[in-house]
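Using the sequences plus the hints, can you model the full thing?
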Amino acid sequence: MSDTQNLTLVQAVRDGLKGEMERDDDVIVMGEDVGKNGGVFRATQGLWDEFGDDRVIDTPLAESGIVGSAIGMAAYGMKPVPEIQFLGFIYPAFDQIVSHAARLRTRSRGRYTCPLVVRAPYGGGIRAPEHHSESKEAFFAHEPGLKVVVPSTPYDTKGLLASAIRDPDPVIFLEPKLIYRAFREEVPNETYTVPLGKAATRREGTDVSVFTWGAMTRPTLEAADELSEEGIDVEVIDLRTLSPLDDEAILESFKKTGRAAVVHEAPLSGGLGGEIAATIQEEALMYQEAPVKRITGFDTPFPLYALENYYLPQVARIKEGIKEAYEF
Amino acid sequence: MSTLQRDPSDQVQILDDEGNVLEGATVPDLDDETLVSMYQNMTLARRFDQRAVSLQRQGRMGTYPPLSGQEGAQIGSVMALEDEDWMFPSYREHGAALIRGLPLKQTLLYWMGHEDGNKPPEDVNIFTASVPIATQVLHATGAAWASKLKGENKAFICYFGDGATSEGDFHEGLNFAGVFDTPNIFFCNNNQWAISVPRERQTAAKTIAQKAVAYGFEGVQVDGMDPLAVYKVTKDAVDKAKDPQGELRPTLIEAVQYRFGAHTTADDPTVYRDDDEVEHWKKKDPIPRLEKYLRGEGLLDDERVDAIEQEIEDDVAEAIAAAEAVPRPSPDEIFAHVFEEMPARVRAQWEDFEQLREMYGDDKLLEE
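One line per chain: the protein sequences are Y and P, in this order.
Residues in the first sequence are numbered consecutively from 1, following our numbering.
Residues in the second sequence are numbered consecutively from 1, following our numbering.
I should point out that these hints are in silico values taken from the structure, not numbers from a laboratory.
Hints may contain errors.
Reference excerpt, derived from the structure (chain P facing chain Y, CB under 8 Å, subset only) [as the list claims (entries may be wrong)]:
hint: 1; residue: ALA143
hint: 2; residue: GLU172
hint: 3; residue: ALA266
hint: 4; residue: PRO269
hint: 5; residue: TYR272
hint: 6; residue: HIS337
The C-beta atom is built at its ideal place from N, Cα and C for all residues, glycine as well.
Shown next as structure tokens:
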């Protein structure tokens, strides 16, 4: 038997969950349709057959109920991994996440902790109905006490998910559903971890640093490849964890290139692009050759799917943005 | 027979407003010492509350939510728990928390603005106070559910007010508890007012107890100012949570009572309710009711009451002195406990702030 499997990103989610559930009996999966149905995206397929009713739990349809009861379970020594079917449906659970999951350790001065992982598919590009395409990572990255993780490859997905589940603090694990099945990668059968809080350099370059994550990583790499043909050498950093941000990786790359762009599909205003630009300003002003360019979704509600590809940064828009940073 | 199997509007009572045992009612089988300690605990909670309000008025404490009037429900219910059981409080259960093992000094510290006040002692099964309304209902459900999955046999009581029954989390918590048959006791302190909004504005239902029907388990209404009735009902609910005998484990208890004072010290109840109403409910005060009963049983007399009052006065004074002797916490406490491992950014902010403190000194830095 081979030591690896060629998996899609969503299969890596499933494989990661399975590995952690085998490793630790306290890990349980809960949410809407996660049991017999295996999740609407099949991220939990087969887990119910293998682990049964007490560890793969179909809950009533109630987001606050799912996360709030998971908080009680986590505080009581379990490792719940609640799934919210789409990030755009997380708002009923927002109060539980920010008022309680994020604060339980602080409030109880360490007596109680909340080691849960809230998984949610997020982002646009799959022709989904209204409320199914939002990219609201900034809400959670703004909240002290939460970690926010976004994988962009199958290998990272399994390893980051394992780290998130083993982490003693609450993690919001956002899965870019546009690339759930877009490509495959060899993923070890064994469990392994990819550390939280560490960015990955996806492409080395010397002219412009581009910071991105999730589904935007691939079009950004494509734009970088095309720009290299025009003589612009782009470095692409996949942040992987949005809170805490890997400031070291951001600054190291920026100090090398002196120019930066950020690509995210969330709206521009109040998005993490602003946070990254401000960090560069505060910490590396003397290296700065050009303003930091943000290439993002618009400050509008995410459109229905007839227009979604205008909203999402595409290769051409990303290329133009990077060029602006380069040519300033 | 369990007190739980009845119509939700058939209120359980053992003592009448005067403290006489009602005809046909059975006093719970408690030993003399426990009955006297019930009275003592209630009196202590009342005295603590009066002093806490006074401390706030003197500027020695921040905003505080008073409990007077609710001692019967708090003490009667919490005394029905065993050590291994768990309590999930709202922000008003200072009396119940004390009996569970959270020292008065800590309750005072919390309302004096020290985070440490909210850290229960390691061996005490009480959760931290929840300020958002009804959110703790789900935490209690989740913890009870986890306990059941671990194969334990413990009960989980969760306190909330009448206003909380309007929140989604109340319904989601009870719904989950019914579906997953968790060992919960949902204890509604129906004190008639959610700040200024009356119970009738929270629900058109005749009782709050009857809401349990919708979740498939028993709901019972009890006179929340009758500590013996509250004890009895809660004890039955705890027993059922641990040994359901054909019923679903959870129970919803509606303890009908009254908050004599304000919602918090920042609130003025004279704006929204009449003195007559307050007077009407004061006739049901749980403390003189139990006192009258215990005197009748020969368990209390003037001498014993005086001794209890003196002891309480000393205990409360000691707790206040101890809390006030605690120095202002170090700003390190702001940065501690956000995560198990401090992220680099938080550490950098902490170090910058410490440098400023060293440069200026706290007095200069905190100048308004």
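Against the structure, the hints:
no. : hint   : result
1   : ALA143 : 4 Å, holds
2   : GLU172 : 3 Å, holds
3   : ALA266 : 20 Å, violated
4   : PRO269 : 27 Å, violated
5   : TYR272 : 27 Å, violated
6   : HIS337 : 5 Å, holds
Violated hints, listed in ascending order, are 3, 4, 5; each of the other numbered hints is respected by the structure.
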